[in-house]
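Asks: Can you make the complete structure from the sequences, with help from the hints?
Spelled out from the first residue to the last, the chains are:
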Amino acid sequence: MQAETLLISLDAIDTRDNRYQISDSGPPEALSESIGEAGLISLPWVQQQAADKAFRIVAGFRRITVCRKLGWPQVTCRVLPAGASKLSCWKIAIADNAVTRSLNLLEQARAAEGLMDVCDGDAKQAAQLAGPLGLRVNPELIRKLIRLLALPGPVQQAVAQNRMSLNIALDLESVDESSAVAFAGLCQNLKPTVNHQQEIFTGLYELARLQDKSLADVLARSDFSEILHATRADRRRQLQVLRRTLYNMRFPNLSRSEAAFEQKKKNLGLPENMNISAPSGFESNVYTLTIRFSLSRQLCDCAEKLAAISRNPELENLLDRSFNENP
Amino acid sequence: MKIRKLYIEQSAADYPVTRHICSRLEMPAQIIDNPESVYQEIGRSPDPEKAGKSILLLTRNRGAFLRDCPGTSYYTCCGYQILHIGTYCSMDCAYCILQAYFHPPVLQFFVNHAEMETSLQQHFAKGEISRIGTGEFTDSLIWESVYPLAPRLVELFSRQKACVLELKTKTTAVDPLLDLAHHKKTIMAWSLNTDAVIANQERGTAALGARLTAAEKCQKQGFPLAFHFDPMILYNGCYADYENVIEQLFSRIDPAGIVWISLGSFRFMPELKPIVARRFAASKIIYNEFIRAIDGKMRYFKPLRIQLYSRVIEAIKFHAPEVLVYFCMEDTEVWQKCLGHAPAEPGGLPMMLDQRAVQICGLSGKFPAG
Ligand code: SF4
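Protein chains in written order, with this note's numbering: chain Z, 127 to 453; chain F, 2 to 371.
Please note: incorrect hints may appear among the correct ones.
To be verified - Listed next, the stretches of chain F that the computed footprint assigns to chain Z, with coverage defined by at least 3 CB atoms under 8 Å from CB atoms of chain Z: (1) 286-292; (2) 297-303.
Said to hold, decoys possible - Just a few of them, taken from the derived set where beta-carbon distance is under 10 Å, the chain Z residues facing chain F: (3) Pro378; (4) Pro405; (5) Phe408; (6) Arg447.
Read the hints as simulated data drawn from the structure, not as lab findings.
Glycine included, each C-beta is placed from N, C-alpha and C at the ideal position.
Replies: Here it is, written out as structure tokens:
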């Protein structure tokens, strides 16, 4: 690609034309310091528009912002001719960004969108173009990334900041905008793991469907909003309480039975190295006893305790399945 | 049944059944060497489960025509035998397991009826009491608009004494059967559900009233009847709705002619859930309080099942204390708590149903061993 190196007045650069912008955030402090100290090492790329018009930025949005902040009147740029193709511009924009740092998912989405545009929507071709530019994406990922760009800004930001997985973000396509935004807020606040994001989203979504409400409405219930807005609360604990509350609401009968079982087990007073587990979902009537021991005399001791436990009326109470009749 | 495309497997092309269907459908057919191309065509569709409902593949059944019902060991199975006449269904129920069972699901009709009849004759020759149904991998009567299989089966069963055929349906396509000499060796059976479930979860099926009208017609002609409340679905107001169905049932049907009524609650392989969510966006049936059961299927938390069954059984027993009620795939605890007994060994539930078939359908023969 033919490009000239020219000194350009910053006033002649149109920063509102951001069609080639990939970077997602403002310039980091380190960039300002480095440009302030050493000047521009890597030159921004701009494209000449019609003779009387301003230059459009192709790569280097953050560098130009820093130069402006530093009060520079002019900046040296690599200038592409007006006739440079969209494809050339996108190649430069992507390579310039991707070779120096790893792009977050939102930035990858913007890059993918640009390539899809020049490839007339052919994701396979777009993926082939992306590889040599330093962007490792397959056609399936490209299609997913494009969908991300249609989601509300807070969801995009949560994905960009690694607070929400791309797949969960795409699940939010099935809910209204305020619900998607509310869920993004939850992820930003509580930073759940991907598994927990999935669990919480599924629970909230299904609860909302059952109650004919939006997910945002469910989250606005006092049970949840109190947890989410608790001041000075430990984030991990908040997350734990939220998951428990959600589980109790989503499975009210099962969770009641589980709580009752735990209470009865306490009443039985099992020694610390023994446990009784209920059958999964209380579906079968087979309970499991576990004993932990390392010495034979510990096992003898357990056997004696076990004999006493088996005579304890609380054991009958624990195994009593009449709870089944009163959901 | 609305067929959009007709495919015929090369090896099935020369069968009389194929010729009959071609002349009846009056549409161009494509002969194929291998069904793979049809499966791929369906698989590429944005809604494969829907696409498979209007593509008919005429093929041969290369496996067994008679198979055991695929029950699991923990839950009590009825020991029914399946006569494998074809696969999938032109109706469209949200909860239909066939959507997830076949990959991809496609309407297949087996045309090698001579082999099917040979299998049946060999089975009849054993003289063993058995219950055989066609409604496991498809609806028993949807095929009647393309091929009159049911009348032929009624006739075949009427000529022997040990086995009874159960035709299970959600249609009303009974008219061609009414005048047949069935000798009570065919049980006409309907799946029943509440108006709300039929309206919201069972696309293209007959309304409850229409099913009962069809059942009434069959009862007038002396056919033994059966009803299956399966899958029963929990929703607000479901208890009253199921009681109402039972009231309608017994206001029109004489319980003395009912061989059995089965109950089963909605259960599904986890693979079905995303299919229902995608295809039946308004349906909430997959969002209830399910647990993963011992057979890997999702089932309502047991106390919820017990409560629902108990209410329905109470209503049935109020109208028809003598009628035999059984559970489809439930465990001993559910039997005990809802019915006060579990099927007695030896023989268990299969023996209980066989004996009932003997009593109502006049079967005679040996009871199967074990
Ligand atoms: S009628 Fe039966 S086989 Fe047909 S779609 Fe409904 S559940 Fe499936």
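Asks: So, for every hint listed, does it hold in this structure?
Replies: Hint by hint, here is what the structure shows:
1. 286-292: holds (count 4)
2. 297-303: As far as the segment 297-303 of chain F goes, the hint holds, because 3 residues have Cβ atoms under 8 Å from chain Z.
3. Pro378: holds (7 Å)
4. Pro405: Holds. Min distance 9 Å.
5. Phe408: holds (6 Å)
6. Arg447: Hint on arginine 447 of chain Z: holds, closest Cβ of chain F at ~7 Å, below 10 Å.
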